[in-house]
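J.: Each chain, letter by letter, is given below.
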Amino acid sequence: MASADKLINTDVPEKDVFAFHFLQSLSNLRKQNPFDTPDQKNYRVRKIKKAAYVSMARAAGGSSRLWSRALLRRAAKDDNKIVRFSRRKRKVTWKISSKRRRSNQRAPVVEEAAERLRNLVPGGGGMETSKLMEETAHYIKCLSMQVKVMQCLVDGLHYNKN
Amino acid sequence: MSNRRSRQSSSASRISDDQMIDLVSKLRQFLPEIHERRRSDKVSASKVLQETCNYIRKLHREVDNLSDRLSQLLDSVDEDSPEAVVIRSLLM
Numbered sequence: 001m002a003s004a005d006k007l008i009n010t011d012v013p014e015k016d017v018f019a020f021h022f023l024q025s026l027s028n029l030r031k032q033n034p035f036d037t038p039d040q041k042n043y044r045v046r047k048i049k050k051a052a053y054v055s056m057a058r059a060a061g062g063s064s065r066l067w068s069r070a071l072l073r074r075a076a077k078d079d080n081k082i083v084r085f086s087r088r089k090r091k092v093t094w095k096i097s098s099k100r101r102r103s104n105q106r107a108p109v110v111e112e113a114a115e116r117l118r119n120l121v122p123g124g125g126g127m128e129t130s131k132l133m134e135e136t137a138h139y140i141k142c143l144s145m146q147v148k149v150m151q152c153l154v155d156g157l158h159y160n161k162n
Numbered sequence: 001m002s003n004r005r006s007r008q009s010s011s012a013s014r015i016s017d018d019q020m021i022d023l024v025s026k027l028r029q030f031l032p033e034i035h036e037r038r039r040s041d042k043v044s045a046s047k048v049l050q051e052t053c054n055y056i057r058k059l060h061r062e063v064d065n066l067s068d069r070l071s072q073l074l075d076s077v078d079e080d081s082p083e084a085v086v087i088r089s090l091l092m
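For the protein sequence lines, the chains are A and B, in the order given.
Its first residue numbered 1, the first sequence is counted upward by one per residue in UniProt numbering.
Its first residue numbered 1, the second sequence is counted upward by one per residue in UniProt numbering.
Take every hint as true, because none was put in to throw you off.
In the DSS-like style, the derived pairs of lysine-lysine whose C-alpha atoms are separated by at most 25 Å in a straight line are: (1) B:26 x A:141; (2) B:47 x A:141; (3) A:47 x B:58.
These aren't lab readings, by the way, just hints derived from the structure by calculation.
Since we're looking at a predicted model, the values are computed, not measured.
Next comes chain A alone, as it looks inside the complex (with noise of 0.2 Å):
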């Protein structure tokens, strides 16, 4: 019985969780930079932007998913900044190089349609295609999560203006 040997787990914290995190970011950025110049408008929404997608990875676990620790790898790097992850007890080894995802023996169709999930999911370019599919999933969870909290949070201030 190959099939019930692992547990696939694809549970999200709940909103709260990335509502506080996002929060946490927002009032981040209003202390480094007060929301002065008006020409400065792009740059805003990019860090707001960005806020949104290293909030939300770190709400779903940080360094606990190979998703999260893409982006949030990369958001450093955009910073110049180091990011180290504590070595994890991991039984098995997720990444691969490309040259031996090439032998992954699935259907050409559904290897193609994975190449251009690949893309799409953060770090998914070193994953097999079966581990893409996992993350893929907490992946939508999350991002649909992060939606909810803003759209929630936008209609807040939309009402409170008016």
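Position chain B relative to chain A; hints supplied.
T.: Just chain B now, with coordinates in the frame of chain A:
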């Protein structure tokens, strides 16, 4: 069966095809607009993957959109009570 298992463990621990099907069906649950197919047990994996890509792109666009609106709203809000109310309502 045992042959299959030993071959599996030697090659980077690939999961079996059953698990693959299971994962794909799990992915289907998260996709909001997928249509019910007649042969729902034999999932069209590439179709699911395609829908997944579209869904991810859509979510990325929404994040962009909402970031834009947030940036507009955040700089026009005063410091004190409106924000506190919003924050409280979010964390309830």
